[in-house]
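Asker: The primary structure of each chain is shown beneath.
There are 2 protein chains.
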Amino acid sequence: MAGEFDLIGRIRARAGTRPDVALGIGDDAALLRVPVDHELAVSTDTLIAGVHFPDDTAPADIGWKALAVNLSDLAAMAALPAWALLSLTLPSDDSDWLDGFLDGFDELTRLHDVALVGGDTTRGPLAITITAHGFAPNGVALRRSGARIGDDIWVTGTLGDAAGALAQWQGGGPRSAKLRFRLDRPTPRIAAGLALRGLATAAIDLSDGLAGDLGHVIVASMVGAQIDLGRLPTSRILADHFADEPRRWNLQLSGGDDYELCFTAPAANALAIERALAASDTAATVIGCITAGDGIAWATPEGEAFVPRASGYDHFAGGRA
Amino acid sequence: MAGEFDLIGRIRARAGTRPDVALGIGDDAALLRVPVDHELAVSTDTLIAGVHFPDDTAPADIGWKALAVNLSDLAAMAALPAWALLSLTLPSDDSDWLDGFLDGFDELTRLHDVALVGGDTTRGPLAITITAHGFAPNGVALRRSGARIGDDIWVTGTLGDAAGALAQWQGGGPRSAKLRFRLDRPTPRIAAGLALRGLATAAIDLSDGLAGDLGHVIVASMVGAQIDLGRLPTSRILADHFADEPRRWNLQLSGGDDYELCFTAPAANALAIERALAASDTAATVIGCITAGDGIAWATPEGEAFVPRASGYDHFAGGRA
Chain A
1 MAGEFDLIGR
11 IRARAGTRPD
21 VALGIGDDAA
31 LLRVPVDHEL
41 AVSTDTLIAG
51 VHFPDDTAPA
61 DIGWKALAVN
71 LSDLAAMAAL
81 PAWALLSLTL
91 PSDDSDWLDG
101 FLDGFDELTR
111 LHDVALVGGD
121 TTRGPLAITI
131 TAHGFAPNGV
141 ALRRSGARIG
151 DDIWVTGTLG
161 DAAGALAQWQ
171 GGGPRSAKLR
181 FRLDRPTPRI
191 AAGLALRGLA
201 TAAIDLSDGL
211 AGDLGHVIVA
221 SMVGAQIDLG
231 RLPTSRILAD
241 HFADEPRRWN
251 LQLSGGDDYE
261 LCFTAPAANA
271 LAIERALAAS
281 DTAATVIGCI
291 TAGDGIAWAT
301 PEGEAFVPRA
311 SGYDHFAGGR
321 A
Chain B
1001 MAGEFDLIGR
1011 IRARAGTRPD
1021 VALGIGDDAA
1031 LLRVPVDHEL
1041 AVSTDTLIAG
1051 VHFPDDTAPA
1061 DIGWKALAVN
1071 LSDLAAMAAL
1081 PAWALLSLTL
1091 PSDDSDWLDG
1101 FLDGFDELTR
1111 LHDVALVGGD
1121 TTRGPLAITI
1131 TAHGFAPNGV
1141 ALRRSGARIG
1151 DDIWVTGTLG
1161 DAAGALAQWQ
1171 GGGPRSAKLR
1181 FRLDRPTPRI
1191 AAGLALRGLA
1201 TAAIDLSDGL
1211 AGDLGHVIVA
1221 SMVGAQIDLG
1231 RLPTSRILAD
1241 HFADEPRRWN
1251 LQLSGGDDYE
1261 LCFTAPAANA
1271 LAIERALAAS
1281 DTAATVIGCI
1291 TAGDGIAWAT
1301 PEGEAFVPRA
1311 SGYDHFAGGR
1321 A
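Here the protein sequences line up with chains A and B, keeping their order. The first sequence begins at 1 in the numbering used here and counts up by one. The second sequence begins at 1001 in the numbering used here and counts up by one.
Derived by calculation from the structure, the hints in this document are not laboratory data. Glycine included, every Cβ here is placed at the ideal spot set by N, Cα and C.
Quick look at which bits of chain A chain B covers, simulated, 3 or more residues with Cβ under 8 Å:
(1) 28-35
(2) 114-124
(3) 137-148
Please build the complete structure, drawing on both the sequences and the hints.
Answerer: Following this line, the structure appears as structure tokens:
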């Protein structure tokens, strides 16, 4: 089946390399060198058409996003990305689609000096599984479990844009191309993650929405959280398209697909964090604090309690182990 | 969607650990420690229902095989397995199926002390992607490219049993449970791979059939090969069920799914190899030699040339990058 070998050849041609790749794509396994005194960070995620991205998503956007969601996991660990493996299940030998996919994938590998070191292709309904590898000096990586009572809770960027795009796409009304871009081309916050080494106490990436993901942090850290909804960083475009506050808050808390970082840090580190993130060109906002107890208390600008709709996974059909 | 969290909980409960897992399943990424002066070997493979295993395959057999085909890649590199990540796409929240799958998966992880360090679950047609990690001392791993003119060509175990089972399953005639076991429960030749460190010059695992896979070795090594079909190691059960030699040879050369190792070594190493493999309880047979030129010459016991049918991938719908 020459077509399939051709697909593999197209992938191999994009593999790239790095000095720490002793043997790249094309053998039974890749051979890689982790720097001494560093931990290897490894994450894997599968994206399915119609589940993790709208069916009309451009191939290049799918290629970008499939890698971005994995790099975002590395960012949350404060790890520096290095290598990726790509498993592609394709309905047909569509080399145009594959070239488009690889264009978007490559665009992001070049931004972060990621080498594609392995992969396979299989026939079936469109699905993409990527395993991303990075590293951090021993003991430096951020975990979900490090939040302490009194810590500030921060988020990078703005929240809810991707969920707004998805709501518009599902609703059939007017659509914003700017919001859609945020859905299709999430920015993995690698520079921010690296800048937070030694400053943040815990971190997670916002894949499923703040409510669900911050929930993972407080459970892992055995603490509670208080969030001021008035402080949620909100893009102008989202505010324009979703003027109703409770609806917008739900997009921001439960919509997912932001791929911003949520992290915690002692208030004493706030200035150092602002400086470090400014140097990495990333906006970040304090939205609340870690409390004793458990659960998340959401407060409106008027000081009233708010209950987000069921959090996370609502446009997903699975979860992370 | 409680069912999905429940699936993840079931996977987490089986994760296992090792001293070199600094942080296991349950965060954005795992944190792992590669021994100093060792290379990390990484391989990924996707299995699709009806493509890589018959639809009637038991969940435990699927769990075993999905990991086995990845460990087999590590064996071919002479790497010692350490960690795996599991991406499962499931058509429904079928916890019985998942428990069965994990039973087979775990059986093999325990045999090789492999820790499950990450994964995700997604809703969709059944597909399993596993990424397996192992290591080998720097420079020791076996590659496809090391075969030299005059080297013996060896294979472990017997060839064609799995292909025989598949032929029986597809043909609708009598079926051998012993052959089917070889299809469903391949043995990754980890011990053999480790035993061959310093003795073999090149290795590959036989996933697609000897013709295709040895073909990869000779292309990577820029040599040719001569194989004596009369020396192909053949199980009694395969010979009984497939008495016609050309048909059996085609199963052995082009059928795939053996997951035996094919390796090359100088003839001077033959005795040391036999001793090392005996210590690892693995049978192995010299079936030919590496020649100048290119391509593979297949010779019948009568010394006639034989042309295998189109090699590899015939029951697959994809390939390895």
